[in-house]
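Peer 1: Listed below, chain by chain, are the residues.
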Amino acid sequence: AGGLALAAPAQAAEMDVEVMAGACTFCHGTDGNGVGAAIPSISGLPVEQFEYMMTSYQEDANPSTVMGRIARGYTDDQITALAEYFGSKPFERLPQPWINVAMIPEGKELAAEYCESCHENEGREGEGVGILAGQKLYYMEFSVDDFLNEHREMERRQARKFRDLMDAQGREGFTKILNYYASVN
Amino acid sequence: VGLPHIARAAAPSFVVIGGGPGGATTAKYIRRFAPDARVTVIEPNATYTTCFMSNEVIGGDRDISTLQVPMSAMRAHGITLVQDKATGIDADAKTVTTQGGETIAFDRCIVAPGVDFRYDAIEGYSAEAAEVMPHAWKAGPQTTLLRAQLEAMEDGGTVIVSAPPNPFRCPPGPYERISLIANYLKQHKPKSKILVLDAKDKFSKQGLFEQAWETFYGYGTENSMIEWVPKADGGTVTGVNPATMEVTAVAGTFKGDVVNIIPPQTAGAIAHAAGLVEDGWCPVNKGTFESLVVEGVHVLGDSSVAASMPKSGSSANSQGKAAAAGALALAMGQEPPVPHLANACYSIGGPDHGFSVAAVYAYDDFENALKPVEGSGGVSPMDAGPESRRREMFYAHSWFENIKADIWG
Ligand SMILES: Cc1cc2nc3c(=O)[nH]c(=O)nc-3n(C[C@H](O)[C@H](O)[C@H](O)COP(=O)(O)OP(=O)(O)OC[C@H]3O[C@@H](n4cnc5c(N)ncnc54)[C@H](O)[C@@H]3O)c2cc1C
Numbered sequence: 199a200g201g202l203a204l205a206a207p208a209q210a211a212e213m214d215v216e217v218m219a220g221a222c223t224f225c226h227g228t229d230g231n232g233v234g235a236a237i238p239s240i241s242g243l244p245v246e247q248f249e250y251m252m253t254s255y256q257e258d259a260n261p262s263t264v265m266g267r268i269a270r271g272y273t274d275d276q277i278t279a280l281a282e283y284f285g286s287k288p289f290e291r292l293p294q295p296w297i298n299v300a301m302i303p304e305g306k307e308l309a310a311e312y313c314e315s316c317h318e319n320e321g322r323e324g325e326g327v328g329i330l331a332g333q334k335l336y337y338m339e340f341s342v343d344d345f346l347n348e349h350r351e352m353e354r355r356q357a358r359k360f361r362d363l364m365d366a367q368g369r370e371g372f373t374k375i376l377n378y379y380a381s382v383n
Numbered sequence: 099v100g101l102p103h104i105a106r107a108a109a110p111s112f113v114v115i116g117g118g119p120g121g122a123t124t125a126k127y128i129r130r131f132a133p134d135a136r137v138t139v140i141e142p143n144a145t146y147t148t149c150f151m152s153n154e155v156i157g158g159d160r161d162i163s164t165l166q167v168p169m170s171a172m173r174a175h176g177i178t179l180v181q182d183k184a185t186g187i188d189a190d191a192k193t194v195t196t197q198g199g200e201t202i203a204f205d206r207c208i209v210a211p212g213v214d215f216r217y218d219a220i221e222g223y224s225a226e227a228a229e230v231m232p233h234a235w236k237a238g239p240q241t242t243l244l245r246a247q248l249e250a251m252e253d254g255g256t257v258i259v260s261a262p263p264n265p266f267r268c269p270p271g272p273y274e275r276i277s278l279i280a281n282y283l284k285q286h287k288p289k290s291k292i293l294v295l296d297a298k299d300k301f302s303k304q305g306l307f308e309q310a311w312e313t314f315y316g317y318g319t320e321n322s323m324i325e326w327v328p329k330a331d332g333g334t335v336t337g338v339n340p341a342t343m344e345v346t347a348v349a350g351t352f353k354g355d356v357v358n359i360i361p362p363q364t365a366g367a368i369a370h371a372a373g374l375v376e377d378g379w380c381p382v383n384k385g386t387f388e389s390l391v392v393e394g395v396h397v398l399g400d401s402s403v404a405a406s407m408p409k410s411g412s413s414a415n416s417q418g419k420a421a422a423a424g425a426l427a428l429a430m431g432q433e434p435p436v437p438h439l440a441n442a443c444y445s446i447g448g449p450d451h452g453f454s455v456a457a458v459y460a461y462d463d464f465e466n467a468l469k470p471v472e473g474s475g476g477v478s479p480m481d482a483g484p485e486s487r488r489r490e491m492f493y494a495h496s497w498f499e500n501i502k503a504d505i506w507g
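Sequences listed follow chains L and Y, in order.
Each residue of the first sequence is one higher than the one before, starting from 199 at the first, in our numbering.
Each residue of the second sequence is one higher than the one before, starting from 99 at the first, in our numbering.
Please note that the accuracy of each hint is not assured.
What the hints assert, rightly or not - With beta-carbon atoms standing in for the labels, derived distance ranges:
| # | chain 1 | residue 1 | chain 2 | residue 2 | range |
| --- | --- | --- | --- | --- | --- |
| 1 | L | 211 | Y | 186 | 32 to 42 Å |
| 2 | L | 352 | Y | 483 | 35 to 45 Å |
| 3 | L | 211 | Y | 174 | 21 to 31 Å |
| 4 | Y | 320 | L | 322 | 37 to 47 Å |
| 5 | L | 361 | Y | 464 | 34 to 44 Å |
Unchecked claim - Looking from chain Y toward chain L, a few residues come up when the C-beta cut is under 8 Å (computed):
| # | residue |
| --- | --- |
| 6 | 408 |
| 7 | 412 |
| 8 | 415 |
| 9 | 437 |
| 10 | 476 |
| 11 | 489 |
| 12 | 490 |
No wet-lab data here; the hints were simulated from the structure.
In this text, a Cβ means the ideal position worked out from N, Cα and C, and glycines have one as well.
Chain L with its partners taken away, still in its complex shape (with noise of 0.2 Å):
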């Protein structure tokens, strides 16, 4: 619970910032972490994925059920502060008490073949690819089924992954996966 400095010169410009992200949390959760199933937490992205997703949201170039009327309310510069301020905060793993525990130890193996490749130290990173570990699980099968219905692009590599996953293990095999990334804490 980081204070601000109120007589420091840049204090209406950070409060600006904290007031406009205050419109967010109501959905995602203080500081960008949520408690609930579905609603991705935004905490901890790199800042260049975070601006990718929001401005990918306001061209539907990623397809949302929310975000994309929602971030159309923002500028370049307005979603960079968000961005800045969401990516200094820490991802918080909190229980996910609705993961099937009996699919994680299969999820984690498929995982390190199909996944970790790009999905780099059990979820947490990687370059340009979000984080998967401990995000909800809702969100994250909301994701695979967009990109398995081709709603969101996939680069080659990836796509190639998918389709390989898919042949070997059916639809239950991501589900397997995601099961386990989302109970990595």
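For chain L, the structure is supplied; the task is to place chain Y with the ligand on it using the hints.
Peer 2: Same frame as chain L, but now just chain Y with the ligand:
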């Protein structure tokens, strides 16, 4: 970093009236922004019961305990809780008095008492009548009463819902309630009907609700479970008789087996007592939520006139952060921030069927307006399809958990 040294000697004090979404958010975020600030919340109830998701309790899909949050959790943020009711604000002496006889001093006062009902607007309706014909527009015993009445009703009964004129708390709320009552009746009492007597000719997310009603409850056919009588067809309710369970509207008198009267509304009583109200609601500076009538006192949430922002929990939460930052800056003689706020309201229309309305607002200090940012906001697309509706139901429940934690956690 706390307050700087000089300010620390006189850390400002804030008294917040009401521990609902508006008041609790403001209190918590004042402490987050300035950990040295002294914050007291006056709230008569030890437990707050959210109105949001209370329609799922009425429809039988949720236990009321999930709506209940203990006020005591706010102490973890260093907030002083006074379990009492505020009875007056003296803006000159800068004190709030309570029913219990306390007088509490403030540098800035924040008022968020929610709505009160204009019982005089419907002849025969009153707090006593609401024990027979519940409003269930403040959650708690009224919610469980309406649920119990629906459970006790025979198959083939008529449920009357009267929807109020604008502006009122939660514009899509009556229609979500109608949907979830219909969902319950369809499964358990399929010969029953819902008669909606409305004081308006159109309502929030109307297309999406009507689409859900067509999909699930036969709306628009002869077998429709829901009949909607708009104002133009005489839907405005003028009187009730709890003894006979009759409701009189401009169109005529109707008898219900269960009657849910959602009365016209105004700012909470304390706002009236403190002279903060004009035309039913509290005019404010929309940058800081400071009252335009009484200096040093801020009003936010359902009681305030936030013009284009609807009276919702999400609005109250978003405003709470602007009010916290604004009140802090003014208390310390600094420039208040320029708010950029948002609202989003989810509604559940049936099984696996959610949708939303969202808007982003920029503050225009010249016009003292929170203006929807052009190109942003709007409702879920009509043609979004069942998968999108299913996702929005998951997201609605997620929003509920996250906003509860952001306000009272
Ligand atoms: C059926 C229904 C469904 C809803 N669904 C949604 C939804 O899905 N999403 C959404 O965003 N919003 C929803 N809302 C709207 C939301 O509940 C309100 O907009 C929100 O509660 C407003 O917050 P508030 O703090 O202004 O007022 P309130 O929630 O009414 O809180 C006011 C508090 O002040 C206290 N108080 C009053 N007078 C005094 C006094 N004199 N002294 C001390 N304390 C006092 C009260 O006890 C209360 O705790 C819904 C509302 C209803 C009725």
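Peer 1: Verify the CB-CB distance for residue 361 of chain L and residue 464 of chain Y against the hinted window 34 to 44 Å.
Peer 2: violated (56 Å)
Peer 1: Does the closest beta carbon of chain L sit nearer than 8 Å to the beta carbon of residue 415 of chain Y?
Peer 2: holds (4 Å)
Peer 1: Could you tell me whether the CB distance from residue 211 of chain L to residue 174 of chain Y stays inside 21 to 31 Å?
Peer 2: holds (29 Å)
Peer 1: Mind checking the hinted window 35 to 45 Å against the Cβ distance between residue 352 of chain L and residue 483 of chain Y?
Peer 2: At roughly 22 Å between Cβ atoms, residue 483 of chain Y and residue 352 of chain L fall outside 35 to 45 Å, so the hint is violated.
Peer 1: Double-check residue 490 of chain Y for me: the hint is only fine if its C-beta lies closer than 8 Å to a C-beta in chain L.
Peer 2: This hint holds: residue 490 of chain Y lies near chain L, its Cβ roughly 5 Å from the closest one there, short of 8 Å.
Peer 1: Would the hint on residue 408 of chain Y stand, with a C-beta cut-off of 8 Å toward chain L?
Peer 2: violated (14 Å)
Peer 1: Grab the minimum C-beta distance from residue 437 of chain Y to chain L and call the hint holds if it beats 8 Å, violated otherwise.
Peer 2: holds (5 Å)
Peer 1: Holds or violated: 32 to 42 Å for the Cβ distance of residue 211 of chain L and residue 186 of chain Y?
Peer 2: holds (38 Å)
Peer 1: Taking 8 Å as the limit, does the beta-carbon of residue 476 of chain Y come near enough to a beta-carbon in chain L?
Peer 2: At 5 Å from the nearest chain L Cβ, residue 476 of chain Y passes the 8 Å test, so the hint holds.
Peer 1: Just to be careful: measuring from the Cβ of residue 412 of chain Y to every Cβ in chain L, is the smallest value less than 8 Å?
Peer 2: holds (5 Å)
Peer 1: At the C-beta level, are residue 320 of chain Y and residue 322 of chain L separated by a distance inside 37 to 47 Å?
Peer 2: Given about 58 Å between the Cβ atoms, the range is violated.
Peer 1: Is the interface hint for residue 489 of chain Y satisfied, with its Cβ closer than 8 Å to some Cβ of chain L?
Peer 2: holds (5 Å)
In this structure, the earlier hints numbered 2, 4, 5 and 6 are contradicted, and the remaining ones agree with it.
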